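Enquirer: Here is how the chains run, residue by residue.
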Amino acid sequence: MNKNLKEQVIRSSGVNVLKCMRCGKCSATCPSYDEMEYHPHQFVYMVEKGDIETLMKSDSIYKCLTCFACVDRCPRGVEPARVVEAVRLAAIRQQGGNHLKPTDIPGMLDEDLPQQAIVTAFRKYAK
Amino acid sequence: METFTYYPGCTLRTKAKDLDTYARSSAEALGIRLEEPADWQCCGGAYTTAKDEIATKLSAVRVLNSAKESGQPLVTVCSACHNVIKQTEYDISRDEEMASKVNNYLGLAEPYTGGTKVYHYLEMLRDVIGFDNLKEKVVNPFTGKKIAAYYGCLLLRPVKALAMDDPENPTIIEDFIRAIGGTPVIYAQRNECCGGYITMEDKAQAQKRSSAVMDSAKDMGAEMVITACPLCLYNLKKNSGSDLPVYYFTELLAEALGLKEGNHE
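In the order they appear, the protein sequences are chains A and B. Sequence positions in the first sequence follow the working numbering and run 593 to 719. Sequence positions in the second sequence follow the working numbering and run 1335 to 1599.
One chain only, chain A, in its complex shape (with noise of 0.2 angstroms):
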């Protein structure tokens, strides 16, 4: 458990993870579910036990589409989305860590492809 990354995360994300009453409803309600390594609740718990390097080694970490559900839908009001950003942010601040760069652009642009998709992807995916 590195500690460090703990303290880090949680401050960063403002959740207190033990509110979470281990209901599911997060992951349930998620569109990315099947897309994802690790789902909502297990980032809760897995950030309370400390296990959070193999989250930022995961692709689970690229596929939460910060569409709210499971902040709106947790009847904890535990917000696991925030979990999910701040955990993001720990591997995409790493030196190298971005996610998608500049050049990579181009070869993912159609005619009508709305700035606003690249502005967000860049917002999530790099530092």
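Derived by calculation from the structure, the hints in this document are not laboratory data. Just so it is clear, the structure is predicted and the values come from calculations on it, not from any experiment. All C-beta atoms, glycine included, are put in the ideal place defined by N, C-alpha and C. Take these hints with a grain of salt, some might be off.
Unchecked claim - Okay, the calculated beta carbon distance ranges per label pair:
hint, chain 1, residue 1, chain 2, residue 2, range
1, B, S1404, A, G606, 28 to 38 angstroms
2, B, E1502, A, G616, 13 to 23 angstroms
3, B, D1577, A, L610, 41 to 51 angstroms
4, A, G606, B, T1447, 14 to 24 angstroms
5, A, N594, B, T1517, 53 to 63 angstroms
Claimed, not checked - Simulated crosslink set (DSSO-like; lysine-lysine; CA at most 30 angstroms straight-line):
hint, chain 1, residue 1, chain 2, residue 2
6, B, K1385, A, K649
7, B, K1385, A, K595
8, A, K595, B, K1435
9, B, K1537, A, K617
10, B, K1552, A, K617
11, A, K693, B, K1572
12, B, K1494, A, K719
13, B, K1385, A, K693
14, B, K1537, B, K1349
15, A, K598, B, K1494
16, B, K1572, B, K1537
17, B, K1572, A, K719
18, B, K1494, A, K617
19, A, K598, B, K1385
20, B, K1385, A, K641
21, A, K693, B, K1435
22, B, K1542, A, K693
23, B, K1494, A, K611
24, B, K1435, A, K719
25, B, K1542, A, K617
26, B, K1571, A, K693
27, A, K693, B, K1537
28, B, K1435, A, K598
29, B, K1385, A, K611
30, A, K641, A, K611
31, A, K649, B, K1537
32, B, K1542, A, K649
33, A, K693, B, K1349
34, B, K1435, A, K611
35, B, K1435, B, K1494
36, B, K1349, B, K1542
Fit chain B to the given chain A structure using the hints.
Expert: Same frame as chain A, now just chain B:
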């Protein structure tokens, strides 16, 4: 005539001109003046919820402050801009540490600690103009048209900051559809995510999400889907594989007001 500070956002200048153009012409016809600040910047597309992120929130604070200095409420039409700006306003009004870091950096004449009233364009129609008044100005009603409102995620959630409508049983777009003479279609996926920016690196997921939305609308008998978000429009049109047409709500508004040629017949 009431004046609003109007924040268009990056995409309304380029790929989503129909969202912008018809928002402007309709506002004018409804007696609202939209004033665009000279120096607005892109909102970034998504709000970073992390408490130790400051730089990513500055562009939203700048436009909130610009509206405050003009003494005007702020209105946005893109769902993403609306979401980022409302979440920024919510947090800066409550999180003293964030407000202090933001103001240390910006060095404004007077620190910004919240207070600007932020409207989505739909809220302006509902709360300032009133759907009953809008109805009276309709010259080309969408009589008999079955229209599905697509809220997606960003218009409604998180509800404590957005405070626009019930996030599970919203009515604002359905009420808008009734005001322009159409028949709203209620369907299960109307407030679930279209896939958003994941289309950049995982087309299959975007296809799965957006086809779930469009199939759900079609199953309930919709003849068209309307949205306020350029990225939703893109996903629903390009990634869903559905033949159901998708429009911006401002296109229907302008058409109902007689400001735009009809293309829905």
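Enquirer: Straight-line Cα separation of K1571/B and K693/A no greater than 30 angstroms?
Expert: The hint holds at about 27 angstroms.
Enquirer: Cβ-Cβ distance between G606/A and T1447/B: within 14 to 24 angstroms?
Expert: holds (19 angstroms)
Enquirer: In this structure, is the beta-carbon distance linking S1404/B and G606/A contained in 28 to 38 angstroms?
Expert: Because 32 angstroms falls inside the window, the suggested range holds.
Enquirer: Take the C-alpha atoms of K1542/B and K617/A, compute the straight-line distance between them, and say whether it is at most 30 angstroms.
Expert: Holds, because 21 angstroms separates the two Cα atoms, which is no more than 30 angstroms.
Enquirer: Please test the hint of 41 to 51 angstroms on the beta carbon pair from D1577/B and L610/A.
Expert: This hint holds: roughly 49 angstroms between Cβ atoms.
Enquirer: Checking one constraint from the list: CA of K649/A to CA of K1537/B, max 30 angstroms. Satisfied?
Expert: holds (22 angstroms)
Enquirer: Does K1349/B lie within 30 angstroms of K693/A when you go C-alpha to C-alpha?
Expert: Holds, at roughly 22 angstroms.
Enquirer: Is K1385/B close enough to K649/A, meaning Cα to Cα at most 30 angstroms?
Expert: holds (22 angstroms)
Enquirer: Check the hint pairing K1385/B with K693/A against an upper bound of 30 angstroms on the C-alpha distance.
Expert: Judged against 30 angstroms, a Cα distance of about 25 angstroms means the pair holds.
Enquirer: Given the hinted pair K1349/B and K1542/B, is their alpha-carbon gap at most 30 angstroms?
Expert: holds (23 angstroms)
Enquirer: Holds or violated: K1494/B and K719/A, Cα atoms, limit 30 angstroms.
Expert: holds (28 angstroms)
Enquirer: Given the hint that K693/A pairs with K1572/B, test it: the Cα-Cα distance must not exceed 30 angstroms.
Expert: holds (24 angstroms)
Going down the numbered hints, you'll see the structure goes against none, and every one checks out.
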